[in-house]
Structure formats: C-alpha cells, structure tokens
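The sequence shown: position 806 = 1009 (our numbering), numbered continuously.
Because the hints were derived from the structure by calculation, they are not lab data.
Incorrect hints may appear among the rest.
[To be verified] List time: in silico EDC-like cross-link candidates among lysine to aspartate or glutamate, alpha-carbon distance up to 16 Å: (1) Lys1072 - Asp1020; (2) Lys273 - Asp252; (3) Lys524 - Asp450; (4) Lys521 - Asp557; (5) Lys1008 - Asp1020; (6) Lys544 - Asp595; (7) Lys713 - Asp672; (8) Lys544 - Glu579; (9) Lys972 - Asp908; (10) Lys569 - Asp310; (11) Lys569 - Asp595; (12) Lys424 - Asp450; (13) Lys1262 - Asp1197; (14) Lys713 - Asp595; (15) Lys1262 - Asp1202; (16) Lys544 - Glu605; (17) Lys972 - Glu904; (18) Lys424 - Asp531; (19) Lys524 - Asp595; (20) Lys1061 - Asp1025; (21) Lys1148 - Asp1202.
[Stated by the list, open to error] Cβ pair distances, simulated, as ranges: (22) Ser556 - His636: 38 to 44 Å; (23) Gly651 - Asp755: 19 to 25 Å; (24) Asn653 - Asp612: 30 to 36 Å; (25) Pro388 - Asp252: 20 to 26 Å; (26) Lys902 - Pro373: 54 to 60 Å; (27) Pro814 - Glu785: 21 to 27 Å; (28) Glu1240 - Ser1117: 49 to 55 Å; (29) Asp375 - Ala282: 55 to 61 Å; (30) Pro1181 - Val1258: 41 to 47 Å; (31) Gln1204 - Thr1173: 34 to 40 Å.
Even glycine gets a Cβ: it sits at the ideal position worked out from N, Cα and C.
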Amino acid sequence: MKQVYVSTADPYRNWLVTLLVIFACMSTSSAQVKGVVFRDFDLNGIRSDTLPIEVGVGGVTVLVFVDLSKTPISTTTAADGSYSFSSTDVPAGKTVRVEFEGFPTGDYNGPYGTGSGTSVQFVKAPIDNANLGINYPSDYCQRIGINLVTPCYVNGNTQLSVDKDGNPVPDDKLAAHSPALVSFPYNASGVAGSGNFPPSELATAGEVGAIWALAYQRRAKKIFSAAVVKRHMSFGPGGPGGIYITDIVSGTTATFMSVSAVGVDVGDDPHSNPLANLFGDKTQASTDPSSMTAAGRMSFGGMDISEDDRTLYFINLKDRKLYSLFVDSPAVVPTSATAVKSWDIPNPGCSNSDFRPWALKVHHGKIYIGVVCSAETSQLQSDLKATIYQVDPTAAIPVFTEVLSFPLDFRRGPTDVTTDPLHPENSCAKYDHWLPWTDVWPTPCGLGNNPTFVMYPQPLVTDLEFDDDGSMLIGFLDRFGHMAGVANHDPNGNGLYDGFTGGDLLRASKANGAFVLETNGKSGAYTGSGVGNNEGPGGGEFFAKDSWFFIDHIGHAEVTNGALSFIPGYSEVITSAFDPIENVYQAGGLKVFNTKTGVNNRNYVLYSVAPGSFGKASGLGGNKALCDPATVEIGNRVWFDDNRDGIQDAYEPGVDGIVLTLHDMENGGIQIGTQTTHDGGQFYFNNTTVPGGLLYNHKYEVRMDTLQLPALDITLGGTKPVGGKAPAGGRVAARGARQGAATPQRYYTLSPANRSNFTDPDLRDSDAKLVGGSAVIAVTSLGAGQNDFTNDLSIYSCPELVAEKDTIAVCAGISIDSIAADGTYLSRVDSVRFVVFSTPQSGTAMYGSGGVVLGTVKPDANNRAVVYKPTIDTNNNLPTIKDQYVYAIIYPTPENLACRQSSETVIRVTPSLSVTAAGGELNCTVKEVTLTGQALYGDGSPAPKATYSWTGPASFTSSQQNPIVSVAGTYTLTIGNPDCPGTFTLATASVTADTTLPDLQAFGAALPCVNCTATLYAEAPGATLLWTGPNGFTSTEAEPVVSTPGEYTVTATGVKGCKISLTVDLLPSESDDPCLNHVPVCVPIAIKRIK
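Kindly generate the complete structure, drawing on both the sequences and the hints.
And the structure:
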C-alpha cells in the first residue's frame, strides 16, 4: 500500500493531495495486470525484503499479448521495478501472455518459484503478481552458510625453521606454523574466540607466505591466492610469482604455480637481501630494507577470476600490466606461455609517469582496475590522483576506458591522533592527508623524546566493489602498511617501531551511466554518516565510522585497510581494518558498513596483541565471500497449440499431467530426472528435481513419450483423462484417412519447431522434434545461473469436419438455402470455407485452386459452420442429374497436410424441363383440334417423366398430354416434374377458328340463236369453282361455254373448305332462225346465291 503523509496546515494542499490519492487509487484499481521485476539475488523464486534485500529493476520492457492478438502492448518498469497495464489495455477476464525483455546485459531469469515466473508468463486478468526475478549469475550467494576468507600476516621468514642464531624455532614461535589464510562466518562480530565465531585455518604461512589477492573458483570450491610484497614477511614457496590454491572443502592448500614458469616476470625477491635478517622466529625483529622500495612496485596486486571460473586475471605490479591466465575449471596448471595474455595499463596522466595500479575487479563481464598517481617523483600532493579503468578482456582489442578519476588532495582523518603536549612537534595528527609515495623511513611520532610510532599514508586503490544500484565502492590501502610492522626495525636495522596504516573507503554513485564521487558525505540519492566532518571529498565522508575509539575519544580516524567484500542484496560492504572494535588494540579484523547510510553495522576482530602479528600495520590481506555457484535450470512449458502455428499464443493453455524425462547425453542418454507438468504445463529440471543437480554446459535431452497423449482430452478449457489405456498406434504421427472408422481416434501432432513471428523467437516457440516414439528437445545447459527457460514443447490435434448432409438434391433453377458442416477439434482461429467443384476431389486437392469459393464462415459455439444462400449454379440443361461437389475445408489452410481435413456434400441438380405446346385451327371442315404438349430436357430431348395439365376456354381442363378440343381460344399447358414437386413449367397453345366464305361473283347469259352457245362467268379469288347445270352439266372453269338454257349453279370452295354457290340463268334465244346473226341483246339475269 502506498502511504502519503500530509500536513494539516494547508487545507488547499490537503484537498489537492487527497484528490491525487483518489486518482492514484482509481488508477491502481483499474490495473488488470501488474507486477514487479526484481533481483532474485538468492535465486529462490521469492522476493525478499530481508537479507538479501531484493531490489526492483527499472528499465525492463514488459509486453502483453492479449487473447488472440499478435500485436503487443508495451510498458517499461519503473525505477522500483513495478509495472502495470490498465483495463483498457487488458480487459478483465482476458488471457494474456506477458513477456519481459531488455534485461540489463548479462542478466538471466531467476528460478521459477512461488513469487516469480519466467520471462514468458501466461495469466488471466485481473492479476497483481505477475512478477519476475532476474539476476546476474555472479551476483548470487546462498542465504545460509556464507563464509569469508582473508589472509593473515605473520612476522618472519615463513620458509625457515631457525632463528637469527640458527637455532630451531619452537612451534609456538615458528612463523611457518601461523595461520595465513582463514575463514569465518559472514555475520561474525565481536572478538574471535573459541566461543565467538572462531576462524578456521585454511593455510599456514609456511604454505603460502605473504598473500593479499584472492580469487574464488566457485564451482570447484577452491580459492586462489597470490603473493604480495610485505616488509618483514617472506613469500611462500612460490616466491614473488607464487599463486596458491586452497580446497575449501578439504581445507588443504598447495602451490598452484609460479607465473615465472609461463614467462611472467614479477620481479626479484626483495627478502633475499642478506640485510633482510628474516628468520623463522615470528617474534624476532627484521630489517628487510629492499622491501621498502618493492612494496607496491612488484609481485602481484589485485587478482580475480572470470565469471565462468576459467581465467585468472591479475595485476603485475612490476610491469604495470593486466594479465590473463587460462586455468580452466577444474583448474589445471598452465604450462605454456600461450595460456597468458597481457595488456598495458594506460598512464592516466600522472606526472613523470608515476602511476601505480593494484585493484582488479571482475564485474558483470568487465574488468575494473584501480590506479593511483603516486607523485613519487614530484613529491607534490597536488599530483596525487585516483583513476578507475574499465576494460573488456574478451574484446578483439581490449580498450581501457576511464570511468572515474579524482584528486586525492582532500583532508582525511589522521591515522593516529597521538599528541604529546610537551613535544607537539612529534604529533601524529599531522598525517591527515594522503602523501606522495616515498621509500624513505618517516620521522617517528608519538609520545616522549623518542617516539616509536611510524606512519606515512601513501595511497593505493586496492579493491573495488559495486553496490546494488551500480554505485562503486572504492577501497584504499595505505602502502605504508606493507612497509612497517610491530616492534620492528627501520630499514637500517635500528630501533623497534610500531607501524600504522590509514586506508579509506569511498563511494561513487552511478548516474546516467557515469560514476560521480561522493562529496561532503553524500552520494547520489543517499546521505552518509559523515556530512560536514571535514574528512573526505568535499568536506565530509560517506562512511564516517571508520575510526577507533579508545576510552572516550578517537584514537585513529582512518582504520580501513583497503580490502572489500560485498554480497549483492545485503547493502553492506565489508572492509579490512585495524582496531575495528573500540578499546581493542593492536588488532586486525573487519568493519561492516551500510552502503546506503554509511553507518557501521558491526565489527569483527581476528587477532589482538598477538605475537608475530602486524598490529595496526595492515595485518590482513584481501577478503572474499565464499559464494556458491548459482544453480542452473532448464524448462519450461508444454502447451496445447490450438492454432497449430508453433507459437505460444496468450489464449493457448498449458497441458498439465504430461510426464517428461531428462536424459544425460554425455553419459549414454541415461535417464536422470522426471517431471510432470504442472501449473499450466510448466516443468523444470534443477538441483531439486534432478538428484545431484544439473551440470553446467552439459548436453541433455528432454523427452516426452507420446503414448501418453491419446489418453488425454486436451481443450482450451483444460486437460482431462479420457479413461482407459492408450490404444496401440496412438503415438504422435502423421494421420491417414480415418473418417470411416466407427470410433475415430484423436491424434496429436507436434507443432512445427523453431517458429516465431516476433523478436526473441526462442521465448515462445516449440523446440521438440519427433524421434521414434518420443518428442525430444535437445538442450545444452548453460553456465552457473544462466537458466534456460526456452525449452518448450507444443502439441495439437488436427480438426475434423463432417458434412451435415452428404447429398442435397435440388431442382434446376432453385437456389440452395444452406450447406452445413460440423467440426471437431477446431481452433479458435479456424474458419470453415465452402468451395464448390464440378468434379469430385480426392486427398487434399480441394485446398488447391479450381473451385469456386462459396463463403468462409466462423463456426458457432457448437462448432457448426453454415453457409447460407450459396451462389451455386443450379441450372441443368442436361438430360441427367448434374452433380456438383461442395467441400468444407479449414481456413486458413493448415500447414500440416494431415490437418487439411474436409467434408463433402454432393449437390444433385435435377435436369431442367422446358415444354412445347401446339394447338390448331378449327374451320369449315376441321371441327376438332388435338392439342400437343411435350416436356423436354435442356438438350431438346423428350423428358419421359412429366405431368401435364391443360386449361382453356369454357373451363376446359385436361391431364392428358394431347387432349382434343373443339373450341377456339388459348390453352395453357403446365408441366410438372415428379422429381421436383411444386416446380412447374408453363406453355400456351392457341386454337383458332376460320369459316370465312369465298368472295364469289357469277353472271348468266342469253343464247343469241337457236343452236348457239353462250358463256357463263364466275369469279372467286383463291377458291375453286364448280359449275352444275341442266342435263348433268359440270365444269370447273370460271367461264364455261354452255348451250342449254336453264339454271346453272356455280359453287366456290375456299382453302379452308368453306363453300358458297350462286345460280345464274342461261336464257333461250328469242329467234327461231338458227342462222340469224343477231345483235347481242342484254337481258336481265336472275342470280340466286346458294351457300
């Protein structure tokens, strides 16, 4: 819950803040998907707000894919790692794929756990804990049982067993028997003792001599240590180039090598000077003059190991170079110079080229190197400077980049405040600044006329660490700590002096990619414990409690010794120190500071007033937390690939209950682990689920026996058993035709592997391939902490389609109302496309070209797909039924040929019928007409099956094909098709009547004389004539010649058989003289019309 604190002094402000709080709450309540990205330092899948404190990670891109969408909505985590998507982005009830990308370089998924998913998560809105833990592998440290390791120094020659007089040294005084490398719990505090965090001895001084730098090979649990020049203490058996290896488990130590064996010159042993007077008795003083010059200038400076545990990096103080030494893991002593590489460390602009490197830190793939300008030639404090370089040693040409540089001329607290009022000139408090390097023994300070305290703070950047926010922690060693001892001689063999060292601890915050040194006790957003104390850059210091109190006053203001340890998530830095606990003196141990406040959390003393120890003169070397290597996991999901595309879509569910096995492919493929998918198809092989854990960079196979699939009914709603045993042949396979089976078996198929439609395809693809009867994912584990959750496996089942009707009979010319198909195992994205072909299709040919698409429809909730009013041509001019073939197919076309299922509906179109009808003509001779009707197919051939129905004038009806009628008029013939009841074809026939009489004219005549002839006349166009008269006279001529007087009749018969007759007279002659030539006389003629 967000808390807001409001003053009541300003009512308007109160109102405004209240309003803003309401808006914030409204905004929060509307968030449908939210969570946080955090650093899972301890890799337990749960965010911790105690040690380790697991901070949020800002700047991570979060993408959500909602339901079917393939277009993401994105946001970026805030500085505290939080993110959210509103209900506008993700409506409630929707399934969502949440992806996280853009991790800081080198970061990986933390393990799956109750408080953290993986970088691809499948959730349903609303959800408020879609969290992700990430981490940089080398930032990991186990929660329990963390130990620290540090070197301890002892006065004397660790390789001799005699004293200065040549006598054997008793065991209690023998320098070689003193502990030189010890371990103790991380949370140690107080003064070490049998009842309080007693240290464990890992190596004796005889085994390692003087060492400072440490590098921990996590996987092998072995720590490397490197020689250092320390006046009054000899090297170990490896000499100035000695590197030692300690087995943390067994507690044994051995010389690993001397780098001189591979051609690295770190200088000659200064302790070999005959004037050194170093002997085996740790209680005897020595001179060791050559070490005054050698300290900080030869042998080893810092050392660290690559994050893969295979390469040591170290600083050669003699040639001021960075070296890499390939040792592999487990470590093997390199014997060839080819195992060594080196790079010159640049001069950061120091006067007279007086630069001195030491610090070396491997951090997040880069090496950081600390260098100081020593001013050893100029002896000017103004020439003192510290510089930090960054370099990538794996680059083709490594480049040293300066990331921080600052002067060292600021006032510090004095190493010791001892002041004799009677001899103020001998005050030690004057040593309150860093001083130029010198090999000259300083003037003693302290009490009395002949003080015996010696100090001369000379800067060395000896260690670097990085806080969780990226800030740099910088440890300074006072070089003089390696030039003096306790009750030991000056370089000329005179006196007995106690040396003091005054290191420092600074913080540089990181802002916009750049480091900024603390100033006046403030560092970035944090304020330390020494603001304004006049002891640091800008007049204050962040870590101000680096002092020693004696009784009730400060005795030493700078007690740190420049060795640092930091465990991510703990917000505290451990630094070596002298006199770390009040009132405990001549001691060496550790101080622990809070990196956000500068407050001193706790202190631990390893030795105090111990014979042969170095008291206040840098009695301890570097320190290192023994963090285990991060474990490694592989996984992570089996899902049902509903749309068969091999990509994990938001709506596609995981499949629980699938048994997966893990096989070691570098050990004959033996099975070493089993996982049953859970919580949405997830599976993980790790140190918990695989006895003995996973090996790094090792070849494995994840296998799924496909025989278990047919026993599962997998749908978008979840997975449930179908009961019974899986039938034989139920393995994943390409399917053949099986629609005719009485009980079709559901088959599952592996999705196509290595598909994606977005960036980082491995996040969401399927990786399995079918090998025999198993789905197999070949995977090689990565390095420590490099969890690989990209090993996914998906299955799907091909859809089925069954035609609702195998055949649809349709009458020609009649549109089809609908065609339907029922689907099974259809994807949410599947549509059903109906395609019509004129010929039957086989196999998957119906998915090709050549057909006509009738429509593409989405199935309903019952997976029924219907295309309405399909535009199928139902005309049929053939004398037989015309078949057309409609196929329901899946759309878009499935990639897998076996999934290109279809159903067939045959459209049977009956032949179309036409009709002819004919009547006739009624006339004077034809009194009845036969109506003729004929049903015809489209090709003109007679249709044998038809019904006939005639209607006509005077309520005439007839079901005969050719009825007889006697009434003129229009007759309608209706043809019925017995195969298509209710469909009719019409035609009409006309019956006409024609009784028109011919137009007849006739004329008689008179005989001019006895025995004369005369000509009759008749005319009837288009008709035939027939004359009859006396004495059986007949003639068909229009103008017959006659001689017998009397009545003559002419009959005209028309073409339709209609007749008309006229009668004319032939008058006799009025003269009896047969020869008399008379003039023609017109006589009246009587004409009688006869019909």
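Now for the hints, and whether the structure bears them out:
A threshold of 16 Å between alpha carbons decides the hint, and for Lys1072 with Asp1020 the separation of about 5 Å falls inside it, so the pair holds. Proximity of Lys273 to Asp252 is assessed by CA-CA distance (about 36 Å); at most 16 Å being required, the pair is judged violated. Distance restraint check for Lys524 and Asp450: the Cα-Cα separation of roughly 29 Å exceeds the 16 Å cut-off, and the hinted pair is therefore not satisfied. Between Lys521 and Asp557, the direct Cα distance comes to roughly 13 Å. Compliance with the 16 Å bound is thereby established for this hinted pair.
A C-alpha spacing of about 13 Å is found between Lys1008 and Asp1020, which places the hinted pair at or below 16 Å, so the restraint holds. With a CA separation close to 13 Å, the supplied pair Lys544 and Asp595 stays within the 16 Å bound. For a cut-off of 16 Å, the pair hint linking Lys713 to Asp672 stands: about 8 Å separates their Cα positions. Note on Lys544 and Glu579: the hinted pairing is violated, with a Cα-Cα distance of about 29 Å set against a maximum of 16 Å.
Distance hint between Lys972 and Asp908 is fulfilled; the C-alpha atoms sit about 12 Å from each other, no more than 16 Å. Between Lys569 and Asp310 the CA atoms are separated by roughly 14 Å; this keeps the pair inside 16 Å, and the hint holds. Restraint check for Lys569 and Asp595: the C-alpha separation of about 5 Å stays at or below 16 Å, so the hint holds. A distance of roughly 6 Å separates the Cα atoms of Lys424 and Asp450; the hinted pair therefore holds under the 16 Å criterion.
Proposed proximity of Lys1262 and Asp1197 is supported: the alpha carbons are some 13 Å apart, at most 16 Å. Proposed proximity of Lys713 and Asp595 is contradicted: the alpha carbons are some 19 Å apart, above 16 Å. The hinted pair formed by Lys1262 and Asp1202 meets the criterion: a straight-line CA distance of about 10 Å does not exceed 16 Å. Taking the CA atoms of Lys544 and Glu605, the gap is near 21 Å; set against the 16 Å cutoff, the hint is violated.
Between the alpha carbons of Lys972 and Glu904 the distance comes to roughly 11 Å, so the proposed pair stays at or under 16 Å and holds. Our distance criterion of 16 Å between C-alpha atoms is met by Lys424 and Asp531, whose separation comes to about 14 Å. A C-alpha spacing of about 14 Å is found between Lys524 and Asp595, which places the hinted pair at or below 16 Å, so the restraint holds. As the CA atoms of Lys1061 and Asp1025 are separated by approximately 11 Å, the hinted pair is consistent with the 16 Å bound.
With a CA separation close to 50 Å, the supplied pair Lys1148 and Asp1202 exceeds the 16 Å bound. Look at Ser556 against His636: about 23 Å separates their beta carbons, and that is not inside 38 to 44 Å. Between Gly651 and Asp755 the beta carbon distance is about 23 Å. The supplied range of 19 to 25 Å therefore holds. For Asn653 and Asp612, the hinted distance range of 30 to 36 Å is satisfied, since their beta carbons lie about 32 Å from each other.
In this structure the hint that Pro388 and Asp252 lie 20 to 26 Å apart at CB holds, the actual value being about 23 Å. Against the hinted window of 54 to 60 Å, the Cβ-Cβ separation of Lys902 and Pro373 comes to about 57 Å, which satisfies the hint. For Pro814 and Glu785, the hinted distance range of 21 to 27 Å is satisfied, since their beta carbons lie about 23 Å from each other. Between Glu1240 and Ser1117 the beta carbons are some 52 Å apart, a value that agrees with the proposed interval 49 to 55 Å.
A beta carbon spacing of about 58 Å between Asp375 and Ala282 agrees with the range 55 to 61 Å that was offered as a hint. Range check, Pro1181 to Val1258: about 44 Å between beta-carbon atoms, so the 41 to 47 Å window is met. Distance hint check: the CB atoms of Gln1204 and Thr1173 are about 37 Å apart, consistent with the given range 34 to 40 Å.
When each numbered hint is compared with the structure, violations occur for hints 2, 3, 8, 14, 16, 21, 22.
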